[in-house]
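S.K.: Sequence:
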Amino acid sequence: MVAIQSHQPDEIAREIEAVPKTTHPVSENQVIATLLEEIAMLLSDQGASEFRVLAYRNASQTLREMSTPVRDVLDRDGMPGLIDLPTIGRSIANLIETYFRLDRMPLLDRLRGEETAERLFATLPSIGAELAHRIHETLGIETMLELAAAAQDGRLAKVPGIGRKRLQGIRESLAERLRDHRPQSEPSVADQVDRSASVAELLDVDTEYRRLAATGKLVKIAPRHFNPGSIAWLPILHCERGGRHYTAMYSNTARAHELNTTKDWVILYRDDPESQGRWTVITSQFGKLRGCRIVRGREQECWQHYHPDHPHPQQADTKSAPL
Numbered sequence: 292m293v294a295i296q297s298h299q300p301d302e303i304a305r306e307i308e309a310v311p312k313t314t315h316p317v318s319e320n321q322v323i324a325t326l327l328e329e330i331a332m333l334l335s336d337q338g339a340s341e342f343r344v345l346a347y348r349n350a351s352q353t354l355r356e357m358s359t360p361v362r363d364v365l366d367r368d369g370m371p372g373l374i375d376l377p378t379i380g381r382s383i384a385n386l387i388e389t390y391f392r393l394d395r396m397p398l399l400d401r402l403r404g405e406e407t408a409e410r411l412f413a414t415l416p417s418i419g420a421e422l423a424h425r426i427h428e429t430l431g432i433e434t435m436l437e438l439a440a441a442a443q444d445g446r447l448a449k450v451p452g453i454g455r456k457r458l459q460g461i462r463e464s465l466a467e468r469l470r471d472h473r474p475q476s477e478p479s480v481a482d483q484v485d486r487s488a489s490v491a492e493l494l495d496v497d498t499e500y501r502r503l504a505a506t507g508k509l510v511k512i513a514p515r516h517f518n519p520g521s522i523a524w525l526p527i528l529h530c531e532r533g534g535r536h537y538t539a540m541y542s543n544t545a546r547a548h549e550l551n552t553t554k555d556w557v558i559l560y561r562d563d564p565e566s567q568g569r570w571t572v573i574t575s576q577f578g579k580l581r582g583c584r585i586v587r588g589r590e591q592e593c594w595q596h597y598h599p600d601h602p603h604p605q606q607a608d609t610k611s612a613p614l
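Throughout the sequence shown, residue numbering follows our numbering, covering 292 to 614 in sequence.
Just so you know, not all the hints are guaranteed correct.
Think about it this way: if two alpha-carbon atoms lie no more than 27 Å apart in a straight line, the pair counts; the simulated DSSO-like pairs of lysine-lysine are [to be verified]:
| no. | residue 1 | residue 2 |
| --- | --- | --- |
| 1 | LYS554 | LYS511 |
| 2 | LYS554 | LYS579 |
| 3 | LYS508 | LYS579 |
Ranges between beta-carbon positions, derived for each pair [stated by the list, open to error]:
| no. | residue 1 | residue 2 | range |
| --- | --- | --- | --- |
| 4 | LEU365 | LEU503 | 21 to 27 Å |
| 5 | PRO416 | PRO564 | 46 to 52 Å |
| 6 | GLU428 | SER566 | 28 to 34 Å |
What the hints contain is simulated information worked out from the structure, not anything from laboratory work. Quick caveat, the model's predicted, so the values are computed rather than measured. For every residue, glycine included, the Cβ atom is placed at its ideal position computed from N, Cα and C.
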């Protein structure tokens, strides 16, 4: 059995990374339990609701007490089997399944201030770290849905190093990764935009985040990227809207630093039993929405939000700078 001795998030992370990949299946339960406990600790430290913190602590305890490897439950019974376990709801089941697929938990990366688009893209079999960096720098995209749109509309094929065979491999990997997010019919580029939350709700979370960040009322984390002094400068917000869990933080991407928009671009995440999602909210620099806060990729809906009595112009001129 793997025993994690520390109670400090950074030290926990180092101990977990040192665990051999040949860990016994039951011991693997303990590793995942420790990751869930770290999520609970970070959520608590960052001001998330007590209910959400308790959900991760209870799930951690469930895994610690299991005599059956949770991997076996997933292999035998799939996601329904995980959800049937005591205290393991849909969102935590998704997190466990993601861990087995990627050997990491994106939510935990986010709470630690480690998540980057490049690291996300590099989880696809057809994309290594160098190519992930090139995709991000060339196209300025941040999410898997945006990557899928780029693979479909031809932009990805223009990235150096992506030939016809690799492009096909990336498309196949994306189809598998995004299978639970796609409609049954072949999706259009517009279908790649995440509309699981309304523009009005996302802009409301953005407003709350920027207001609290400006007054210094939010806990700050020290992102590991673009932060050589390990300074805790990045405010983070956990909030809810009608049972929907959101996390908000300023963008810490290379593109945001390059364009000096680290105090303008806000990344919003949704993570609850009903859905997961990611959006970027920015101040538009172009067109009829110039100066307005918009959800990138949903400019027409933003126009309708700000001008409910006026149809959106036929020629969209609300484009935003690439992220």
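S.K.: Need the list of violated hint numbers for this structure, in ascending order.
M.R.: 3, 4, 5
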